[in-house]
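K.L.:
Here is how the chains run, residue by residue.
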Amino acid sequence: MTDFSELPLVFFTTLSQMAVGAFVVLYLLRKNDHIQEMAADRIAVIVVVLMALAMGGASTHLGDPVGGWRALLGLEHSWLSREIFVMSGFLGLAFLYALPQLKSFRSLAGLLGVVFGVVGIVVTAMVYTLPARPAWNSPYPLLFFALTALSAGPLLVSYIVHEQEGTICQAALKLTSFALIAGFIVSVLYASQQSANLAMPAGWLALRCLIGQLLPAALLYKLTQQPAGRNLLMILVLVVLGELLGRQLFYGSVLAYPLFPF
Amino acid sequence: MAKRYAFLVDTSLCIGCNACENACKNFYQQEASVHWRKVYYMQEKDLAQPLRAPVSLACNHCDDPACLKACPASAYRKDENGLVRHDNDRCIGCKLCTMACPYNVPCYDKELGKVTKCEMCADRMAQGEEPVCVASCPMGAIRVIDLNDPANAQYADNLAGLPPRDMTQPSTRFILPLEQKQDWRDK
Amino acid sequence: MRFDTKAFGRRTFIKGGLAATAALGLGSLLDLGSSPFKAKEAGAKGDAKVFHSACPRNCYDTCSILSTVEDGVLKRVEGNKANTYTRGRLCAKGFSYTRSVYSPDRIKYPMKQTKRGSGKWERISWDEAFDIIAKKILAIKKEYGNTLPICLDKYSGNFNLLNYCVEGMMSSIGHTTRATGTPCWPAGIDAQTFDFGTIWNNDPEDMVNSKYMIIWGANPSWCSVHSMHLVMEAKKRGCKIVVIDPIQTQTASKADWYIQIKPSTDGALALGIAKYLLDNNLVDYGWLAANAKGYEEFFQYVKEKITLEWVAEKTGVKKEIIEQLAKEYGTAKPASIWIGYGMQRHANGGQNVRSIDALAAMTGNIGKSGGGAQYAQLQTWGVKYNVMGMKAPAGTTTEKDRIININDSAQEILAANDPPIKMLWIACRSPLTQAAEPQKLRKAYEAMDLVVTADLFMNPTVEMSDIVLPVTTAFETWGLNVSYWHYWVALNEPAIEPQYEAKSDLEIAMGLSAKLNELEPGSCTFPTSGKLEDWVAAEFTPDFLKQFGLSRWDELKQGPRKAVTGLIGWQDGKFKTPSGKYEFASETAVSEGHELLPVWTEEMATPEKYPLRLMSPHWKLSINSQFQNLDWMMDINGEPAVEMNPATAEKYSIKHGDMVRLYNEQGEIKLQAKLTKGTAPDTLVVYEMWLKDKDFNVNNTLKSMPADMGKKATGAPGIAFHDNFVAMAKA
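Protein chains in written order, with my numbering: chain A, 1 to 262; chain B, 1 to 187; chain C, 1 to 731.
Quick caveat, the hints were computed from the structure, so don't treat them as lab data. Where hints are given, some of them may not hold.
With a straight-line Cα cutoff of 25 angstroms, these simulated SDA-like cross-link-like pairs (lysine to any residue) come out [to be verified]:
| # | chain 1 | residue 1 | chain 2 | residue 2 |
| --- | --- | --- | --- | --- |
| 1 | C | Lys236 | B | Lys45 |
| 2 | C | Lys655 | C | Asn637 |
| 3 | B | Lys45 | C | Lys391 |
| 4 | C | Lys236 | B | Ile145 |
| 5 | B | Lys110 | A | Gly92 |
| 6 | C | Lys651 | B | Ser33 |
| 7 | C | Lys674 | B | Lys78 |
| 8 | C | Lys694 | B | Asn152 |
| 9 | C | Lys235 | B | Asn152 |
| 10 | C | Lys211 | B | Gly140 |
| 11 | B | Lys110 | C | Asn637 |
| 12 | C | Lys730 | A | Thr129 |
| 13 | B | Lys187 | A | Gly92 |
| 14 | B | Lys78 | A | Ala256 |
| 15 | B | Lys69 | A | Phe262 |
| 16 | B | Lys45 | C | Lys655 |
| 17 | A | Lys31 | A | Gly92 |
| 18 | C | Lys674 | A | Ala256 |
| 19 | C | Lys135 | C | Lys314 |
| 20 | B | Lys110 | C | Glu639 |
| 21 | C | Lys674 | B | Gln182 |
| 22 | C | Lys211 | B | Asp183 |
| 23 | C | Lys314 | B | Trp184 |
| 24 | C | Lys655 | B | Asn152 |
| 25 | C | Lys240 | B | Arg185 |
| 26 | C | Lys655 | A | Phe262 |
| 27 | C | Lys391 | C | Pro419 |
| 28 | C | Lys240 | B | Leu176 |
| 29 | C | Lys327 | B | Gln182 |
| 30 | B | Lys181 | C | Asn209 |
| 31 | C | Lys730 | C | Leu691 |
| 32 | B | Lys45 | A | Thr129 |
| 33 | C | Lys677 | B | Lys69 |
Per label pair, the in silico range of CB-to-CB distance [to be verified]:
| # | chain 1 | residue 1 | chain 2 | residue 2 | range |
| --- | --- | --- | --- | --- | --- |
| 34 | C | Ser529 | B | Gln29 | 44 to 54 angstroms |
| 35 | C | Val50 | B | Met1 | 34 to 44 angstroms |
| 36 | B | Asn158 | C | Val50 | 32 to 42 angstroms |
| 37 | B | Asn152 | C | Glu296 | 20 to 30 angstroms |
| 38 | C | Arg661 | B | Leu112 | 34 to 44 angstroms |
| 39 | B | Leu112 | A | Lys31 | 26 to 36 angstroms |
Note that the structure is predicted; figures quoted are calculated from it, not measured. Positions of the beta carbon are idealized from the N, C-alpha and C atoms, including for glycine.
Full structure from sequences and hints, please.
P.N.:
In structure tokens:
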């Protein structure tokens, strides 16, 4: 937990997954005309900004950021190379989607963006399925990453829509609630099932589940009874904080394959 | 036939003195946290009898290197002579190989902003010299052998306490710890 | 005052008598200049220069080193292959030397501290440092009429022979108080002095000729790696290796046969073996008749008093094991025993060594290639000791130095009152990490007017000093080095300039003398100038040159040399005892207050309140207080730990990795538990070391309990490091 050397990756993965989640929800809602164009524009811009921040932040993780382009030299064998390729593609497509001049191509850019984003999350998960990290060499990275997208993404969209249009997007919030509860279950399962391969600080994990999953889920439940927009921002902040904390725990608690264990 | 080099670690001779580790650091003048070679100890539970059984490990120059597969910059290559080489100029310092290697071999050098690792002193080997660790071990417990020589099939290809071989197909071979007569105090 | 080699009389510090033996064809083995790492190596530039260095640590191996220097920077070190003992290899410590030389933690300038232990250091010039010290010396001399209130505490941190200049510096101001003796090996030296007349092991390179080898309480795997190679080489050639030790050391783990023994009962086991040898007629009566005195009395004692049942009870070694061991040792020829320094660090340690010596004599394994009761040698130490041959200045009123026991220095410093000790000079030593009763020692320091320490690093001893003087590493000065084990001599050339403002102890001595003579002409007889190389040259005597087959001293600039004579101890059968024979019955021992014969002497009883014996052997990454503080070492080992038997851990509900507290009425240490079956349930093992930035001192619970012997040969008894008893609790 105290090892923060992977902090750029914490931000990159969390923000990029949130952006993909938001983009997918945006695409679906827009396709069915559930939201107005203005809100859609705003969301698209935010997705692009989030992705740009995520990718820019990730490059600070490199010892040689200037040589970062060389990360595309390993497409043939390296999941990380593929991740960077696909996620760059997603960023590009989201950018095209957000460009006012290209509105006629929106549906195509949107569809391709959804495909790249979803594939991007799967590829990101593949980066971490390393035999040398037994806890990661499992379906958990994919579950965590997908649930980040499914919880924070729709929530972000709902918040913007509420800000822009004053409406509550119930379908999106239901998805978030579902993802938060699922995320809680997966977090607990991970910690218990992989306990031998993790140095998971129980207190931090409890905090992560409480502020990032249980509390927001409870607030969302309350929201369905009596809607109020202010709460939505607080819930969004809690969920994002929770996901960041969860991701820090993901990186900070994983143990290497034990050499000569006692 | 071409040679396929591998380290042979004689755990019946190794005294865990760490000379190999520091000889390597001395020759290449490395930071403290950079270990191209490192001494481990086998655990008593994995041994037939209590023993201090140290094992000196460097890069295992695997046949299926996890570092190579993880590297997005294609900085790694597996040479025909068995050596897994790392090209510093290509390395972008993403550190994924340090996570991917089950033997903790690639080391991130903060000063350099790059990962470095044991290359079996390829430059020395090319000049017909032994790697520094081999030349420096007071016991002669580390050797370089040719895996294409059938005579070297006699050596153990793994040790209790190390990951299963199929993870990366390591090339390092071992002579197992000796067995001895032991008479423990009866009171 | 000019440096003049003739001006100083010879002082026989150690009498390096040279027995004329040349059984092995030696002297032709020198392969000068070859090196495992060639200059064309990676990173080496065209202007790389290679210098001959010598490791000056208190270590069996005293390695010959080649130092590669580029642009005035020490780039790396390597072993010199010309030395057939070290074979071009170093140990983890030797290979870390660049980290020592260029450590950011080195003391860079003379400094003074406003208050001892405050950490408030202020950089001062060498002139100011010498001025403060010289004025204090002169003030003490004026107040007390002599220099006895000035005390020297120096030991083995730098065995460069030139470093005996520190003793010379003290002699040159008058008579002073000297911390005398050695914490290391004195009980065993006395034991062998009584038995043989002095210590004289066979050339360790001869060990490969043994057919049977008992390594008794020694751990060359960690403390003499190059000898461990020879042990395994002997094994390869068919020699059976037996290790007797209370701890399953790394060396024990490499033996054919490991026998665990109850600590401090080694003498009983030896007597059991003697009993079996006698009962089964495995005694070399021919050798005894020609070479030994008093064996009849000894045999009578063994026959009458020793039973194998008693020995088994005492030592924890089963009767049939004793019988097998005795039978094998008694029948294998030649057989050798390596007597470690660890086993003599007990209240009965010296007597135990005498009993083991007796086995080698009974079986006629003395004076033979492949045999011996191998302990140490001082045969190669016969230089002139010119650096310490200073006379007291004119007008000195005292007769001689005052001696205090180095192993009880806290008590003796505090007790000295006629005159009291007011000033302390510490060199080549860190008492506050290495000596017994550090708590009391701290008090003793607090009572001083001035504490001066010359050192490389800011360690707990320096922290309690008023003035610290930065010293050079071996790579920055001249030196001459021999071993107390192997038979090589190596010249140490300066490879680089002194770092920062560091000076060698010899330059410090000359500088201080200059200041004293400036303040009060004639107050110090130490030369005030002189080239260091000339000081080296002045150490050579004709005998010394002859011993190493040298015609001129500077032939050593070509590389290290091995003695050409005296490689097998006592081969001529001329023992240095009063009788000229091996003395089972030693009147000298009696006159020193010991037993006539190697009879059993009881070990120290375990106190009820402190039921666990805390042994504190040497650690592989350090030699006493040196090396473990360096970053490369801290990275390998950053935390102190205590090894304990799983049964003991269970009894105290301790798990592997738990923090535990070891304590007795004197003090405590806290450290991590490490479970291993390699130590017995009543024995804990904590390796002695000084770790950087860690509040850890294994001696916190150690009392100044003397070993039985040591006074005869070294001036003070040894210390029973391994009779340290503690209680344990979870921390």
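K.L.:
Each of the hints needs a verdict: does it hold here or not?
P.N.:
Hint by hint, here is what the structure shows:
1. For the given pair, C/Lys236 sits about 28 angstroms from B/Lys45 by alpha-carbon distance, which is inconsistent with the 25 angstroms threshold.
2. Distance check on the hinted pair: C/Lys655 and C/Asn637 sit about 20 angstroms apart at the alpha-carbon level, within 25 angstroms; holds.
3. The suggested pairing of B/Lys45 with C/Lys391 is violated, with an alpha-carbon distance near 63 angstroms, which exceeds 25 angstroms.
4. Simply put, C/Lys236 and B/Ile145 have alpha-carbon atoms about 21 angstroms apart, close enough for the 25 angstroms limit, and the pair holds.
5. A threshold of 25 angstroms between alpha carbons decides the hint, and for B/Lys110 with A/Gly92 the separation of about 32 angstroms lies outside it, so the pair is violated.
6. Taking the CA atoms of C/Lys651 and B/Ser33, the gap is near 38 angstroms; set against the 25 angstroms cutoff, the hint is violated.
7. About 40 angstroms separates the Cα atoms of C/Lys674 and B/Lys78, which puts this hinted pair outside 25 angstroms; it is violated.
8. A threshold of 25 angstroms between alpha carbons decides the hint, and for C/Lys694 with B/Asn152 the separation of about 46 angstroms lies outside it, so the pair is violated.
9. Between C/Lys235 and B/Asn152 the CA atoms are separated by roughly 23 angstroms; this keeps the pair inside 25 angstroms, and the hint holds.
10. A distance of roughly 22 angstroms separates the Cα atoms of C/Lys211 and B/Gly140; the hinted pair therefore holds under the 25 angstroms criterion.
11. Note on B/Lys110 and C/Asn637: the hinted pairing holds, with a Cα-Cα distance of about 21 angstroms set against a maximum of 25 angstroms.
12. Straight-line distance between C-alpha atoms of C/Lys730 and A/Thr129 comes to about 40 angstroms, which puts the hinted pair past the 25 angstroms bound.
13. As the CA atoms of B/Lys187 and A/Gly92 are separated by approximately 76 angstroms, the hinted pair breaks the 25 angstroms bound.
14. At most 25 angstroms may separate the alpha-carbon atoms for a hinted pair to count; B/Lys78 and A/Ala256 meet this at roughly 24 angstroms.
15. The hinted pair formed by B/Lys69 and A/Phe262 fails the criterion: a straight-line CA distance of about 30 angstroms is larger than 25 angstroms.
16. Proposed proximity of B/Lys45 and C/Lys655 is supported: the alpha carbons are some 15 angstroms apart, at most 25 angstroms.
17. The suggested pairing of A/Lys31 with A/Gly92 holds, with an alpha-carbon distance near 20 angstroms, which does not exceed 25 angstroms.
18. A distance of roughly 22 angstroms separates the Cα atoms of C/Lys674 and A/Ala256; the hinted pair therefore holds under the 25 angstroms criterion.
19. Between C/Lys135 and C/Lys314 the CA atoms are separated by roughly 58 angstroms; this puts the pair beyond 25 angstroms, and the hint is violated.
20. For the hint linking B/Lys110 to C/Glu639, the alpha-carbon distance of about 23 angstroms falls within 25 angstroms, and the restraint holds.
21. A distance of roughly 21 angstroms separates the Cα atoms of C/Lys674 and B/Gln182; the hinted pair therefore holds under the 25 angstroms criterion.
22. Restraint check for C/Lys211 and B/Asp183: the C-alpha separation of about 21 angstroms stays at or below 25 angstroms, so the hint holds.
23. Restraint check: the Cα-Cα separation between C/Lys314 and B/Trp184 comes to about 14 angstroms, which is no more than 25 angstroms; the hinted pair holds.
24. Annotation: proposed proximity of C/Lys655 to B/Asn152 is violated, straight-line Cα distance about 41 angstroms (limit 25 angstroms).
25. At roughly 21 angstroms between alpha-carbon atoms, C/Lys240 and B/Arg185 fall within 25 angstroms of each other, so this suggested pair holds.
26. A threshold of 25 angstroms between alpha carbons decides the hint, and for C/Lys655 with A/Phe262 the separation of about 11 angstroms falls inside it, so the pair holds.
27. The straight-line distance between the Cα atoms of C/Lys391 and C/Pro419 is roughly 22 angstroms, inside the 25 angstroms bound, and the hint therefore holds.
28. Annotation: proposed proximity of C/Lys240 to B/Leu176 holds, straight-line Cα distance about 20 angstroms (limit 25 angstroms).
29. Only pairs whose Cα atoms come within 25 angstroms are accepted, and C/Lys327 paired with B/Gln182 is accepted, the gap being roughly 17 angstroms.
30. With a CA separation close to 23 angstroms, the supplied pair B/Lys181 and C/Asn209 stays within the 25 angstroms bound.
31. A distance of roughly 22 angstroms separates the Cα atoms of C/Lys730 and C/Leu691; the hinted pair therefore holds under the 25 angstroms criterion.
32. For the hint linking B/Lys45 to A/Thr129, the alpha-carbon distance of about 30 angstroms lies beyond 25 angstroms, and the restraint is violated.
33. Proximity of C/Lys677 to B/Lys69 is assessed by CA-CA distance (about 41 angstroms); at most 25 angstroms being required, the pair is judged violated.
34. The beta-carbon spacing between C/Ser529 and B/Gln29, approximately 37 angstroms, falls outside the hinted interval of 44 to 54 angstroms.
35. Distance hint check for C/Val50 and B/Met1: the Cβ-Cβ separation is about 38 angstroms, which falls inside the suggested range of 34 to 44 angstroms.
36. With their beta carbons about 41 angstroms apart, B/Asn158 and C/Val50 fall inside the hinted range of 32 to 42 angstroms.
37. Restraint check, B/Asn152 to C/Glu296: a C-beta distance of roughly 60 angstroms breaks the suggested window 20 to 30 angstroms.
38. Remark: the range hint 34 to 44 angstroms for C/Arg661 to B/Leu112 is upheld by a beta-carbon distance near 42 angstroms.
39. With their beta carbons about 50 angstroms apart, B/Leu112 and A/Lys31 fall outside the hinted range of 26 to 36 angstroms.
Consistency note: the structure conflicts with the earlier hints numbered 1, 3, 5, 6, 7, 8, 12, 13, 15, 19, 24, 32, 33, 34, 37, 39.
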